[in-house]
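K.L.:
Protein chains in written order, with the numbering used here: chain A, 130 to 356; chain B, 501 to 738; chain C, 371 to 646.
Rather than coming from a laboratory, the hints here were simulated on the basis of the structure. Just so we're clear, the structure is a prediction, and the values are computed from it rather than from any experiment. Treat each hint with caution, since some may be false.
As the list claims (entries may be wrong) - Here are the simulated lysine to any residue pairs, SDA-like style, with alpha carbons at most 25 Å apart:
#, chain 1, residue 1, chain 2, residue 2
1, B, K636, C, R501
2, B, K636, C, N454
3, B, K636, C, Q484
4, C, K462, B, R618
To be verified - Distance windows between CB atoms, simulated:
#, chain 1, residue 1, chain 2, residue 2, range
5, C, D500, A, V321, 54 to 60 Å
6, A, T337, B, T555, 26 to 32 Å
7, C, S617, A, S234, 50 to 56 Å
8, A, R331, B, D684, 50 to 56 Å
9, B, D684, A, V145, 29 to 35 Å
10, C, T623, A, S234, 53 to 59 Å
11, A, Q301, B, T555, 42 to 48 Å
12, B, G522, A, V160, 43 to 49 Å
13, A, L152, B, G518, 42 to 48 Å
Think of the CB as a built atom: it goes at the ideal place given N, C-alpha and C, for glycine as much as any other residue.
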Amino acid sequence: MNWLFNNLDVIGSAIVAHLATALPAIVLSFVLSIPIGWLANRFRWSRGFLLTVCALLYAIPSLPLFIVLPLVIGTGLRDSINVVISMTIYGIALMARSTADGLASVDADVRQSATAMGFSPWSRFWRVELPLAGPVLLAGLRVVSVSTISLTTVGAVLGIESLGSLFTDGFQRNIPLEILTGIVLTIAMALVIDLLIVLLGRALMPWTRPVPAPSRAVPAAKDAVVA
Amino acid sequence: MNIFIAGIRWVLDPAHYGGINGIDTRTVQHLVITLVSLATAAAIAIPLGYLVGHTGRGRALAVAVSGGVRALPTLGFLILIALGVGVGFEAPYVALVVLGIPSILAGAYSGFEAIDRRTIDAARAVGMTEWQIVGKVEIPLGLPLLMGGLRLAALQIVATATLADYVGAGGLGHFIFLGLQTSDYPQMLAGSLVVIVLAIISEILFSILQKLVVPAGVAGGRLNDVRVKSSRSRAALG
Amino acid sequence: MIEFRDVTKRFPDGTVAVDGFSLVMPSRKTTVLVGSSGSGKTTLLRMINRMVDLTSGAIEIDGEDTSRLAPVALRRRIGYVMQNSGLLPHFKVIDNVATVPVLNGVPRKQAREQALELLDTVGLERSIADRYPSQLSGGQQQRVGVARGLAADPNILLMDEPFGAVDPIVRSELQTELIRLQRELDKTVVFVTHDIDEAFLLGDQVVILQQGGRIAQVGSPTEIIEAPANDFVAHFIGAEKGKRALSVRATATGEILVDGDGRAVGVLVPQPGGSS
Numbered sequence: 130m131n132w133l134f135n136n137l138d139v140i141g142s143a144i145v146a147h148l149a150t151a152l153p154a155i156v157l158s159f160v161l162s163i164p165i166g167w168l169a170n171r172f173r174w175s176r177g178f179l180l181t182v183c184a185l186l187y188a189i190p191s192l193p194l195f196i197v198l199p200l201v202i203g204t205g206l207r208d209s210i211n212v213v214i215s216m217t218i219y220g221i222a223l224m225a226r227s228t229a230d231g232l233a234s235v236d237a238d239v240r241q242s243a244t245a246m247g248f249s250p251w252s253r254f255w256r257v258e259l260p261l262a263g264p265v266l267l268a269g270l271r272v273v274s275v276s277t278i279s280l281t282t283v284g285a286v287l288g289i290e291s292l293g294s295l296f297t298d299g300f301q302r303n304i305p306l307e308i309l310t311g312i313v314l315t316i317a318m319a320l321v322i323d324l325l326i327v328l329l330g331r332a333l334m335p336w337t338r339p340v341p342a343p344s345r346a347v348p349a350a351k352d353a354v355v356a
Numbered sequence: 501m502n503i504f505i506a507g508i509r510w511v512l513d514p515a516h517y518g519g520i521n522g523i524d525t526r527t528v529q530h531l532v533i534t535l536v537s538l539a540t541a542a543a544i545a546i547p548l549g550y551l552v553g554h555t556g557r558g559r560a561l562a563v564a565v566s567g568g569v570r571a572l573p574t575l576g577f578l579i580l581i582a583l584g585v586g587v588g589f590e591a592p593y594v595a596l597v598v599l600g601i602p603s604i605l606a607g608a609y610s611g612f613e614a615i616d617r618r619t620i621d622a623a624r625a626v627g628m629t630e631w632q633i634v635g636k637v638e639i640p641l642g643l644p645l646l647m648g649g650l651r652l653a654a655l656q657i658v659a660t661a662t663l664a665d666y667v668g669a670g671g672l673g674h675f676i677f678l679g680l681q682t683s684d685y686p687q688m689l690a691g692s693l694v695v696i697v698l699a700i701i702s703e704i705l706f707s708i709l710q711k712l713v714v715p716a717g718v719a720g721g722r723l724n725d726v727r728v729k730s731s732r733s734r735a736a737l738g
Numbered sequence: 371m372i373e374f375r376d377v378t379k380r381f382p383d384g385t386v387a388v389d390g391f392s393l394v395m396p397s398r399k400t401t402v403l404v405g406s407s408g409s410g411k412t413t414l415l416r417m418i419n420r421m422v423d424l425t426s427g428a429i430e431i432d433g434e435d436t437s438r439l440a441p442v443a444l445r446r447r448i449g450y451v452m453q454n455s456g457l458l459p460h461f462k463v464i465d466n467v468a469t470v471p472v473l474n475g476v477p478r479k480q481a482r483e484q485a486l487e488l489l490d491t492v493g494l495e496r497s498i499a500d501r502y503p504s505q506l507s508g509g510q511q512q513r514v515g516v517a518r519g520l521a522a523d524p525n526i527l528l529m530d531e532p533f534g535a536v537d538p539i540v541r542s543e544l545q546t547e548l549i550r551l552q553r554e555l556d557k558t559v560v561f562v563t564h565d566i567d568e569a570f571l572l573g574d575q576v577v578i579l580q581q582g583g584r585i586a587q588v589g590s591p592t593e594i595i596e597a598p599a600n601d602f603v604a605h606f607i608g609a610e611k612g613k614r615a616l617s618v619r620a621t622a623t624g625e626i627l628v629d630g631d632g633r634a635v636g637v638l639v640p641q642p643g644g645s646s
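Looking at chain A on its own, in the form it has when it is part of the complex:
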């Protein structure tokens, strides 16, 4: 326990560094996946092509990517921007599929009636299609956020600070408590961010909130289940 109380500053710094790396990556993947998802549904060829590219990007292992990326973009090996960009690439690879699926799941009737009411293609996309795709986007974003927060720790083996630094430091100095602290904090951070995303989704998409079921038992509903 001593280690814990003597190193609160180290832990705090690791948390801040972790958030500073993971959060931009999560936000960027969400924002950038929107045009990609739109493009995927726009043309006959584009869906298969874009999703294949995404699958290939996602197939690149993280540690090798941290090593290859600096050569491509001209940063230093221990620059945390490498992790932000790598995590954004994975995030987009996961998220673009959700965005494409979500946009494709919008009912064609709704889309046509929106056009019939006089929405321009631009406003129809932002005010009808994107909000209705919201639940699918939300589900995708949750996966992206959990995996980003977990994967960000890997940068620590190259010396890029994050909660993962507690693992490498704890390993070198043989302090299991430090490693355990890192694990618990990473999971806790993933859960807290996940909760925030869910709450944000509820606030932004009030129509998806569950309606309290009518208290009267409806026999008709029962038959529908059995039939």
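Place chains B and C on chain A using the hints.
P.N.:
Relative to chain A, chains B and C alone:
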């Protein structure tokens, strides 16, 4: 770009093959760790996933455990085990098995759940036993989604096996960590490139397998896109 | 003969789908259970082959209490046809039809030969035998479903809204086909529908159900049309709207039949052959 070329030269240099530190030896190590871990994860997760998928019981638990394990940082978990059991093969083996389980578990039970309830109802109504329903209906129709889960698990494991050498278990991570210590960028790059190639080969192999296991008569895309809520309560009535 | 004795079904959530239901379904006749959703008609049907277990009461088939029979064995000797056919999507048509005989241990080759004959019986071309269900039209799928239901040569055939999901023209064809089949095969058929016209067309015995599986009236179509037992039945069969009360009206060229609202429904012709 020069370093890139140096990295590729490093991979192609015959001097870097053969012996304990040869690229060939390390690749074989990497593949062995990957395959053994994948097989163990599958042996644990497939029966469990089938049980959850067929009975509909324990689904909430399976989802919660899978979600929790996804948030678990494999690097930390790996190091923690290594401190307990010592450096070597055991720590990465356990960590990689745990890493692979959620995807395979999800593939197994969602494969069962994606099947039209009426198909299973009909199978029961014509007089199939529960084992026959599992063997003749649920397993074949659930294979594409199971294969999707195995594909994801294989990718995660082959990628993460790179970390095995951090706790002294060998594999292609060896070149990365050795290169890191000696500031030998071409060597790090060489190790990275070989891992990337392995990961992409794994993706390609599994995507072919995934297409092959789609039962004739079933449109491939349809099953893959289905994400149904559990309507298993009905099976309990039957 | 299928006999329901004071059968009750209460689901785990407390809903009572069927309460104290008693009825005899005579052998080699078609009994139609008709009612709207919530009437428990599907539950009643599914209790016969133990897809749903009884809460209390008993069901006997030819004097044998079904609760003493193993469900799987029971299901294999009862044909079952459901809405949307319930065919196995990864089995070819021929193997779908042969499913039950194969389960019963008939050699596959022999089961397939019998299945081909069954395709003839239900009016399908043998050329579709090697197709998969997704490659068939809705009407063809339903016929395959019927062929599968008949494959084990069961005495009893349960049909759960089998024609509910096909378009009206195909439905009418399938109904005609079923009447022909029933004349040839002489099965004990239990048929569930919410369509009263379908019930009157197919049923020797029609059971009109109210909520909770209560019998509003049992009888032949003639008996029910002649004398609806109560307001519910009258309403259900459309008698109160005058749909079943036809009268003759003279026109410039002959005589037509009109319903209670004065809408034309047919023409009056002399009885063919002179007897009813």
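K.L.:
Hint by hint, which ones does the structure fall short of?
P.N.:
Violated: none.
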